[in-house]
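Novice: The primary structure of each chain is shown beneath.
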Amino acid sequence: AQSVSQHNHHVILSEAASLELGCNYSYGGTVNLFWYVQYPGQHLQLLLKYFSGDPLVKGIKGFEAEFIKSKFSFNLRKPSVQWSDTAEYFCAVNPTSGTYKYIFGTGTRLKVLA
Amino acid sequence: KAGVTQTPRYLIKTRGQQVTLSCSPISGHRSVSWYQQTPGQGLQFLFEYFSETQRNKGNFPGRFSGRQFSNSRSEMNVSTLELGDSALYLCATRGLAESEQFFGPGTRLTVL
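First to last, the protein sequences are chains B and F.
Numbering follows the numbering used here, with no gaps: position 4 of the first sequence is 4.
Numbering follows the numbering used here, with no gaps: position 50 of the second sequence is 50.
To be clear, the hints were calculated from the coordinates, so they are not data collected in a lab.
Given the structure is predicted, the values throughout are model-derived calculations rather than measurements.
Where a beta carbon is used, it is the ideal one built from N, C-alpha and C, also for glycine.
There could be a bad hint or two in this list.
Listed below are the simulated DSS-like cross-link pairs for lysine-lysine, each with C-alpha atoms no more than 30 Å apart in a straight line [what the hints assert, rightly or not]:
1) B:Lys101 to B:Lys61
2) B:Lys69 to F:Lys57
3) B:Lys71 to F:Lys57
Only part of the chain B face toward chain F is listed, based on derived beta-carbon distances under 10 Å [as the list claims (entries may be wrong)]:
4) Tyr27
5) Tyr36
6) Lys49
7) Phe90
8) Ala92
9) Thr96
10) Gly107
Label-pair distances were calculated between CB atoms; the ranges are [to be verified]:
11) F:Gly62 to B:Gly62: 44 to 54 Å
12) B:Pro40 to F:Gly3: 12 to 22 Å
13) B:Val11 to F:Asn71: 34 to 44 Å
14) F:Ser22 to B:Ala114: 38 to 48 Å
15) B:Tyr39 to F:Gly28: 33 to 43 Å
16) F:Glu82 to B:Gln42: 20 to 30 Å
Model the full assembly from the supplied sequences, consistent with the hints where possible.
Specialist: If you want it as structure tokens, here you go:
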């Protein structure tokens, strides 16, 4: 069955620390990949997406993610986090053929200490 | 353009009752998906509608149902509510030319 794994459920960092959140998926075909963010009290919004081309994609607020096809991974990174990055982060996969489903990971709660 | 709207935002029900949630998509979006979000489980896919037809369904019992109207608005119904149905129910819509989904604020359902 198709699935998305986010290995870090809770992450606590100090401001200015570097961030990397892991995301791995299980699906053999072509996929679109997404990272969504949910700030406290707000609804999910798109952080960045990968459809094709350059496997290093840049999103909003200084976030980037790298698609490594051989590892079925799409890890999210930010070189220096801010207190305002405190939120829950979700990785999602959308197989490009045969289904219109989006499969989400269980999320990673990030807390950034000021 | 206006975003995805969901009503009501909060709902408290008791076990055994039924509930109907509503989602109005972004103008022009014909795909509407529903998700259940609970702590530790992330977003669990319920179903997706496109042009009034259910295109995909997740692994939820038949108590969970939905429909879509000709104006693309969608409703989700849960019958015979159980305590475990307490969750944030999210609606997401997508346009034809877009692969990304746009989410509404959700309906927080509490079952007592």
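Novice: With 10 Å as the cut and Cβ atoms as the points, is B:Gly107 at the interface with chain F?
Specialist: holds (5 Å)
Novice: Tell me if the straight-line CA distance from B:Lys71 to F:Lys57 falls inside 30 Å.
Specialist: holds (28 Å)
Novice: Has the hinted range 20 to 30 Å been met by the Cβ atoms of F:Glu82 and B:Gln42?
Specialist: holds (28 Å)
Novice: Against chain F, run the beta carbon of B:Tyr36 and see if the smallest gap drops under 10 Å.
Specialist: holds (8 Å)
Novice: With a cut-off of 10 Å on the beta carbons, see whether B:Ala92 makes it to chain F.
Specialist: At 8 Å from the nearest chain F Cβ, B:Ala92 passes the 10 Å test, so the hint holds.
Novice: Given B:Tyr27 was flagged as interface, is its beta-carbon under 10 Å from a beta-carbon of chain F?
Specialist: At 14 Å from the nearest chain F Cβ, B:Tyr27 fails the 10 Å test, so the hint is violated.
Novice: Within 30 Å, alpha carbon to alpha carbon, are B:Lys69 and F:Lys57?
Specialist: Roughly 28 Å separates the two Cα atoms, so the pair holds.
Novice: Note whether the CB distance of B:Val11 and F:Asn71 lies within 34 to 44 Å or breaks it.
Specialist: The hinted range 34 to 44 Å holds for B:Val11 and F:Asn71, with Cβ atoms some 42 Å apart.
Novice: So the hint says 33 to 43 Å: do the beta-carbon atoms of B:Tyr39 and F:Gly28 match that?
Specialist: Distance hint for B:Tyr39, F:Gly28 is violated at roughly 26 Å.
Novice: Do the beta carbons of F:Ser22 and B:Ala114 sit within 38 to 48 Å of each other?
Specialist: Distance hint for F:Ser22, B:Ala114 holds at roughly 39 Å.
Novice: Confirm or reject the claim that B:Pro40 and F:Gly3 have a C-beta distance inside 12 to 22 Å.
Specialist: Between B:Pro40 and F:Gly3, where Cβ atoms are some 18 Å apart, the hint holds.
Novice: Within 44 to 54 Å: is that where the Cβ-Cβ distance between F:Gly62 and B:Gly62 falls?
Specialist: Since the Cβ atoms of F:Gly62 and B:Gly62 sit about 45 Å apart, the hinted range of 44 to 54 Å holds.
In this structure, the hints that do not hold are numbers 4, 15, in rising order.
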